[in-house]
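Novice: Its first residue numbered 255, the sequence shown is counted upward by one per residue in this note's numbering.
Keeping only pairs whose Cα atoms sit at most 27 Å apart, straight-line, the calculated BS3-like set for lysine-lysine is:
hint : residue 1 : residue 2
1    : LYS325    : LYS305
2    : LYS522    : LYS476
3    : LYS522    : LYS468
Because the hints were derived from the structure by calculation, they are not lab data.
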Amino acid sequence: MHRARAAAVSVLLASLAAVPVAAGEADPAAVVRDAMARAVAIPAQAEALAKLAWPDSTAGVDPAVSAEARKVLVDFGGLGLAAIRESIRRAEPRYCADVVRAFLEARDRVESGIPQETIPALDDALWFGTPDAQRIAMRELARLGYGPALLPTIDAAIASPDLALDAIRSLGALGDDRARFWLESILQGDDDALRVEAAAALARIRGRALIPLKNAMRGDRKELRELAASALVPVAGAEDLTALYEYVADHADDDPAVVAAVRNRAAKIEEMLDAFAAAQSASPRPD
Numbered sequence: 255m256h257r258a259r260a261a262a263v264s265v266l267l268a269s270l271a272a273v274p275v276a277a278g279e280a281d282p283a284a285v286v287r288d289a290m291a292r293a294v295a296i297p298a299q300a301e302a303l304a305k306l307a308w309p310d311s312t313a314g315v316d317p318a319v320s321a322e323a324r325k326v327l328v329d330f331g332g333l334g335l336a337a338i339r340e341s342i343r344r345a346e347p348r349y350c351a352d353v354v355r356a357f358l359e360a361r362d363r364v365e366s367g368i369p370q371e372t373i374p375a376l377d378d379a380l381w382f383g384t385p386d387a388q389r390i391a392m393r394e395l396a397r398l399g400y401g402p403a404l405l406p407t408i409d410a411a412i413a414s415p416d417l418a419l420d421a422i423r424s425l426g427a428l429g430d431d432r433a434r435f436w437l438e439s440i441l442q443g444d445d446d447a448l449r450v451e452a453a454a455a456l457a458r459i460r461g462r463a464l465i466p467l468k469n470a471m472r473g474d475r476k477e478l479r480e481l482a483a484s485a486l487v488p489v490a491g492a493e494d495l496t497a498l499y500e501y502v503a504d505h506a507d508d509d510p511a512v513v514a515a516v517r518n519r520a521a522k523i524e525e526m527l528d529a530f531a532a533a534q535s536a537s538p539r540p541d
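Please construct the entire structure, taking both the sequences and the accompanying hints into account.
Specialist: Okay, here's the thing in structure tokens:
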């Protein structure tokens, strides 16, 4: 795989050398080619390209050169990931989100498996990146099912409230019921859109994450009771029957559609329990 990638890099260098240059114009491809030629080895070339693509605070690079260096580095695929990861902390903050995007683009060039740099790089972005970089990282870590992202995802949303929506959805995807405490604080908050998302995330996680929904169904806020009940109904099981019956008994004046949905779900669960009990009774007993 590395030999194939090295051969591809050689082809890339040859193609850069063939780019025509108009008289009097700077040639980004030539700058990139020269930087790679000086570096010689592929890891050093990747580092040189990363510093051209996302210069640090003491360097200035022509944007056209940066764009060319980024393109070439992404085409390195797995051989460029270490250099891109290092840039998450090294480069100026204004580049941070683009560094993370480039990392994912380069990772996607890898033909099989998940490169070992993936989780550490995204974890770095979630802990130390700018809000835009954290947004990208939390989404991807949730997609990968990386459980340790739970706490830094919550911390990022607390520090940058604009990340709350992405954090809520990411926590729902992670499926860790420890998220229920923060999600409950959002559910009990005043942002209607976020409350809807928090209820959906709690329902998606299930298990102990349903406790905040059942608590909300017993509360004094009608709109919150209805929201929590609507989120619980599709995922409610036998262990939730008491909450369903209590809601119907205590809040029959809530939205008729919500009350009917809760009542119907409770009846359906009872039917399933009766069918299960009947099947158990009909099964032959061992001697």
